[in-house]
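*Asks:* Under this note's numbering, the first residue of the sequence shown carries the number 2, and numbering increases by one thereafter.
No wet-lab data here; the hints were simulated from the structure.
Remember, it's a predicted structure, so these values are computed and weren't measured experimentally.
No residue lacks a Cβ here, since even glycine has one placed at the ideal position from N, Cα and C.
Treat the hints loosely; a few may be bogus.
[Unchecked claim] What follows is a set of in silico ranges between Cβ atoms, one per label pair, in the way DEER data are often shown: (1) T634 with K584: 19 to 27 angstroms; (2) E233 with S205: 25 to 33 angstroms; (3) R612 with K275: 24 to 32 angstroms; (4) D522 with K40: 24 to 32 angstroms; (5) T293 with A611: 46 to 54 angstroms; (6) K324 with S237: 37 to 45 angstroms; (7) I56 with P556: 25 to 33 angstroms; (8) V571 with Q458: 32 to 40 angstroms; (9) F502 with K449: 31 to 39 angstroms; (10) D102 with T293: 34 to 42 angstroms.
[Stated by the list, open to error] Each computed BS3-like pair below joins lysine-lysine, with the alpha-carbon atoms no more than 25 angstroms apart: (11) K27 with K104; (12) K448 with K218; (13) K197 with K218; (14) K61 with K27; (15) K449 with K243; (16) K116 with K27; (17) K470 with K440; (18) K413 with K250; (19) K372 with K639; (20) K245 with K411; (21) K448 with K517; (22) K269 with K672; (23) K559 with K245; (24) K592 with K158.
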Amino acid sequence: MADYLVIVESPAKAKTIGRFLGKDYKIEASVGHVRDLPKSQMGVDIEHDFEPKYITIRGKGDVINKLKKEAKNAKKVYLASDPDREGEAISWHLSKLLNIDEKEKCRITFNEITKNAVKNAIKSPRQIDMNLVDAQQARRVLDRVVGYKISPLLWRKVRKGLSAGRVQSVATRLICDREEEIERFVPEEYWTIMAKLLQTSTKSTFDAKFYGTAGEKMELKNEEQVKKILEELKSSKFVVKKIKTSEKKRSPAPPFTTSTLQQEASRKLGFATKKTMMLAQQLYEGVEIKGTGAVGLVTYIRTDSTRVSAEAQQEAINYIREKYGNEYLPGEARVYKNKSAAQDAHEAIRPTYMSMQPDAIKDSLSKDQYKLYKLIWDRFIASQMASAVYDTVSVDISAGDYIFKANGSKVKFPGFMVLYIEGRDDETEDAEMNIPELKEGEEVSLKKMEHKQHFTQPPPRYTEATLVKALEEKGIGRPSTYAPTITTILARGYVEKEKKFLVPTELGKIVTDIMKNHFKDIVDVQFTAQLEDKLDSVETGEKKWVDVMKEFYGPFEKVLKEAESQIGEVNIPDEVTDIKCEKCGRNMVIKNGRYGKFLACPGFPECRNARPILEEAGVNCPKCGGKVMIKKTRKGKKYLGCENNPNCDFMTWNMPAGENCPECGNFLEKKYSGKKVVLKCSNEKCGFEKQEEKSEKED
2 MADYLVIVES
12 PAKAKTIGRF
22 LGKDYKIEAS
32 VGHVRDLPKS
42 QMGVDIEHDF
52 EPKYITIRGK
62 GDVINKLKKE
72 AKNAKKVYLA
82 SDPDREGEAI
92 SWHLSKLLNI
102 DEKEKCRITF
112 NEITKNAVKN
122 AIKSPRQIDM
132 NLVDAQQARR
142 VLDRVVGYKI
152 SPLLWRKVRK
162 GLSAGRVQSV
172 ATRLICDREE
182 EIERFVPEEY
192 WTIMAKLLQT
202 STKSTFDAKF
212 YGTAGEKMEL
222 KNEEQVKKIL
232 EELKSSKFVV
242 KKIKTSEKKR
252 SPAPPFTTST
262 LQQEASRKLG
272 FATKKTMMLA
282 QQLYEGVEIK
292 GTGAVGLVTY
302 IRTDSTRVSA
312 EAQQEAINYI
322 REKYGNEYLP
332 GEARVYKNKS
342 AAQDAHEAIR
352 PTYMSMQPDA
362 IKDSLSKDQY
372 KLYKLIWDRF
382 IASQMASAVY
392 DTVSVDISAG
402 DYIFKANGSK
412 VKFPGFMVLY
422 IEGRDDETED
432 AEMNIPELKE
442 GEEVSLKKME
452 HKQHFTQPPP
462 RYTEATLVKA
472 LEEKGIGRPS
482 TYAPTITTIL
492 ARGYVEKEKK
502 FLVPTELGKI
512 VTDIMKNHFK
522 DIVDVQFTAQ
532 LEDKLDSVET
542 GEKKWVDVMK
552 EFYGPFEKVL
562 KEAESQIGEV
572 NIPDEVTDIK
582 CEKCGRNMVI
592 KNGRYGKFLA
602 CPGFPECRNA
612 RPILEEAGVN
622 CPKCGGKVMI
632 KKTRKGKKYL
642 GCENNPNCDF
652 MTWNMPAGEN
662 CPECGNFLEK
672 KYSGKKVVLK
682 CSNEKCGFEK
692 QEEKSEKED
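Please put together the full structure from these sequences, using the hints given.
*Replies:* As structure tokens, then:
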């Protein structure tokens with residue numbers, strides 16, 4: 002029997018920690034939370050200081066009984082849940098179930114799952130931090146009160162199954178407000194004039210953009226104005242008037258926080274925030290590495306700090322010196338400043354072992370685990386490297402009374418850019434622009450003049466990356482809430498994804514309008530940010546969580562009563578399609594269901610006909626010649642099936658390759674196999690297939 006019991010949240014984490022502790026230690030997993038508020042009721046006694054009524058989570062009986070048995074037989078119990086508010090709350094709930102004295106030093110935390118970190122934590126246990134527990138409890142109770150008070154109101158007035166929340170309602174409002182900006186936007190016309198110029202001595206060409214006069218920049222508003230300028234330029238000589246050269250440095254981005262990891266994984270890898278956090282959790286808790294066992298590959302993944310330990314920084318410096326040379330190290334080791342609101346309890350997200358280079362362990366990782374791990378690795382190493390250096394030149398070229406400007410840049414020293422360049426939301430890349438070596442007073446010849454009409458563009462819709470960025474900048478929620486918030490507003494049907502953009506639905510607009518008109522504080526960005534600060538002050542011990550709840554609930558209760566009497570019943574009309582119901586002939590409508598949108602007959606309950614919304618794949622069935630449709634499983638996975646199902650049983654998980662079989666003429670399917678793409682005939686009787694290399698985009 003082991004002398005010591007260590008309780009963590011997940012079996013994967015338990016397995017990883019088990020490698021570091023000897024036979025005297027038994028490692029068990031609580032498998033997440035063990036107690037929570039009940040789902041069937043609010044579970045908060047508002048009249049008695051918002052006392053929460055916790056219950057054992059259904060299905061956790063066997064886990065809890067096992068933990069109780071192990072704890073009873075152990076000399077000491079260590080609670081090793083994650084090092085954040087939620088982890089502290091899990092440990093507190095476990096201590097209550099296992100009858101551990103609140104003064105007992107039973108709590109251990111570590112920022113990375115490594116041998117040294119775990120063993121050092123075991124040497125210095127502490128009491129459960131009730132400030133952290135109360136901070137988590139305050140958020141949980143506040144969100145429960147808001148959700149369980151407003152959501153039933155939305156059910157009665159709008160539609161069953163709707164919900165409102167402290168963070169999700171603000172996120173939905175941001176998306177709706179952006180859509181309103183786009184709808185109200187009035188494009189303004191403007192023009193540009195570009196001159197392609199030639200340096201006769203070198204025969205080198207370069208571009209220069211019309212600026213205005215020597216005295217001021219000119220805005221080109223219409224074609225008439227442009228034609229007048231072009232007419233005046235016909236007889237003008239182009240002379241280099243002024244040259245300014247300089248050296249510009251570009252510093253690397255800091256190592257990842259939770260928010261920046263979600264943003265960059267969205268930009269560079271196309272990952273949804275939910276997927277990013279799921280993969281990051283796997284990398285943190287431990288992955289089976291061939292020949293080694295379970296290894297926690299990255300530090301704790303819920304953090305808004307950019308700090309890194311001195312040891313990790315030195316390891317990175319040694320790695321850079323060995324791989325790239327001393328010139329790729331900065332003069333001084335880089336220290337990144339946190340934002341004023343950042344909680345500095347943890348380090349930034351970084352690799353735990355420099356020996357575990359991404360390509361060396363690629364075979365032990367899934368394709369997506371490897372991509373995310375490499376992103377974290379590259380970002381961390383690059384953050385400790387020397388700045389990139391550019392030579393820049395700015396040239397003013399006179400043409401009569403007018404000035405054209407040419408700007409060029411050339412990488413002099415790539416620095417950190419040899420490894421990693423931060424992604425951008427506007428998808429622009431830094432391009433080198435070469436300008437020949439010009440001299441002031443030198444005349445250049447005009448090869449070509451182009452003028453173009455443009456219109457100003459509305460602000461872009463949010464993507465998951467830009468929404469996360471906006472929520473963080475405005476102080477809405479905390480890093481751990483961004484992924485579940487986006488998942489919720491998509492699941493509720495308030496927002497849809499069009500390609501990578503988040504677009505509000507009619508339902509989302511209606512619910513947001515109700516919230517803005519009747520619960521303006523709940524969806525007010527500034528109010529929500531201030532409330533977030535108050536909740537953070539519970540963590541530092543500056544405020545009592547019950548006091549924060551009382552300050553909030555008084556005004557909230559008043560507006561809740563007003564909303565109940567003022568909001569009338571809201572009818573959301575279904576979207577009518579031109580698809581006829583094959584049973585009664587009515588035009589079918591689009592409904593939202595548990596698994597997304599579907600077609601339904603408006604004659605319900607007399608006519609109960611319903612069917613999924615299908616998208617044509619653009620190919621014909623190899624079995625019966627019918628149209629092949631793109632379908633989805635209940636979990637959202639796409640597959641191809643024949644429109645004549647169930648009479649025709651054709652089905653494949655592979656998407657069309659965009660070309661036909663050279664032998665039988667049926668469409669080819671695209672199937673991925675490692676670094677190869679296999680194109681195989683959809684007709685099983687044919688058997689034709691060929692291989693090709695996977696493109697970078699597919700990889």
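*Asks:* Tell me the numbers of any earlier hints that the structure contravenes, in ascending order.
*Replies:* Violated hints: 6, 17, 21, 23; rest satisfied.
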